[in-house]
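Asks: Numbered per UniProt numbering, the sequence shown spans residues 1 to 258.
Check before you lean on any hint, since a few could be wrong.
[To be verified] Simulated pairs of lysine-lysine, DSS-like, Cα-Cα distance not exceeding 27 Å:
1) LYS184 <-> LYS196
2) LYS79 <-> LYS62
3) LYS205 <-> LYS255
4) LYS239 <-> LYS200
5) LYS254 <-> LYS184
These aren't lab readings, by the way, just hints derived from the structure by calculation. Bear in mind that the values here come from a model prediction, so they are computed numbers and not experimental data.
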Amino acid sequence: MKRSLFFLIFLFSLKFFYSQTYVSGQVFNDSKIALSGVLVVNINTNEKTVSDADGRFSIRAKENDELRFVRVNYERASKIIKPENFYIPLQVFMEYVPELIETVDLSFVPSGDLSKDSKKLNKVDKIAKLEENIGLPKNPEKPREKPADLKKSVLLPILFGNLNVQGIYDLASGKARRQKRLYKYQDFQEKIEWIKANLKEDFFKENQIPEKQISDFLGFAINTNSDVANGFKQKNIDKVSFALIQMAPEYLTKKSAK
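Given the sequences, and given the hints that come with them, work out the whole structure.
Replies: Put into structure tokens, the structure is as follows:
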């Protein structure tokens with residue numbers, strides 16, 4: 001009898017403990033339709049989950065923890081956990097934000113000074129858009145000297161009876177290694193600058209990234225999350241933004257731990 005009573009007390013205690021550590025709920029859009037694929041982040045612990053096909057989720061949390069809800073083309077939502085949320089499922093509503101297609105105003109007469117005329121256009125790719133609408137040919141990409149490669153530049157020519165002296169020199173002197181390092185750095189900086197230019201102005205402030213740490217944060221995200229680099233390659237700023245929102249809590253946690 002005592003053993004059975006103890007077992008029942010244990011089960012109730014376990015159920016109580018579980019209900020105190022997990023919060024569940026459902027995410028809807030502003031038309032009250034369930035939203036799947038919503039990223040749910042506990043800002044205090046950096047634990048993450050994604051809502052299922054019915055918009056339902058369950059995540060570990062404590063009282064006063066902040067849950068943040070993120071989905072592409074939806075306004076971000078957040079909830080502060082209260083005691084009743086451990087027993088009553090959360091209902092989260094996210095407002096749809098349509099993706100606006102920017103238009104270019106060509107009602108002005110170009111002066112011929114691109115630096116002056118481009119001020120009338122948007123911040124992102126201003127000069128490029130202006131040149132395209134005026135009909136100017138695109139500038140050729142800056143050519144890069146291909147770094148020497150041991151197999152392709154030295155060994156392969158030898159098989160055909162040729163000797164690539166320049167290739168041997170570039171490898172022996174370290175020029176090829178320096179070129180690769182330089183190109184990698186230039187590509188890395190290009191990603192950072194493109195992301196900065198295309199994100200909305202208050203993005204970093206909304207995600208609590210200090211202005212002085214923006215470049216450091218972007219470098220961390222590029223090296224850690226492949227979706228950031230892939231988004232840059234596809235020129236898909238929504239994909240980049242979604243990945244950065246996921247990375248922000250982890251970055252801030254690492255910084256605060258140092």
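Asks: LYS205 and LYS255: Cα distance at most 27 Å?
Replies: Holds - the C-alpha atoms of LYS255 and LYS205 are around 16 Å apart, at most 27 Å.
Asks: Is the hinted pair LYS239 and LYS200 satisfied, with a Cα-Cα distance of at most 27 Å?
Replies: Holds, because 14 Å separates the two Cα atoms, which is no more than 27 Å.
Asks: Verify the proposed pairing of LYS254 with LYS184, using a straight-line Cα cut of 27 Å.
Replies: Given pair LYS254, LYS184 holds - Cα atoms ~25 Å apart, limit 27 Å.
Asks: Assess, step by step, whether the Cα of LYS79 is no farther than 27 Å from the Cα of LYS62, and give holds or violated.
Replies: holds, 12 Å
Asks: LYS184 and LYS196: Cα distance at most 27 Å?
Replies: holds, 19 Å
This entry satisfies every hint, going by the numbered hints stated previously.
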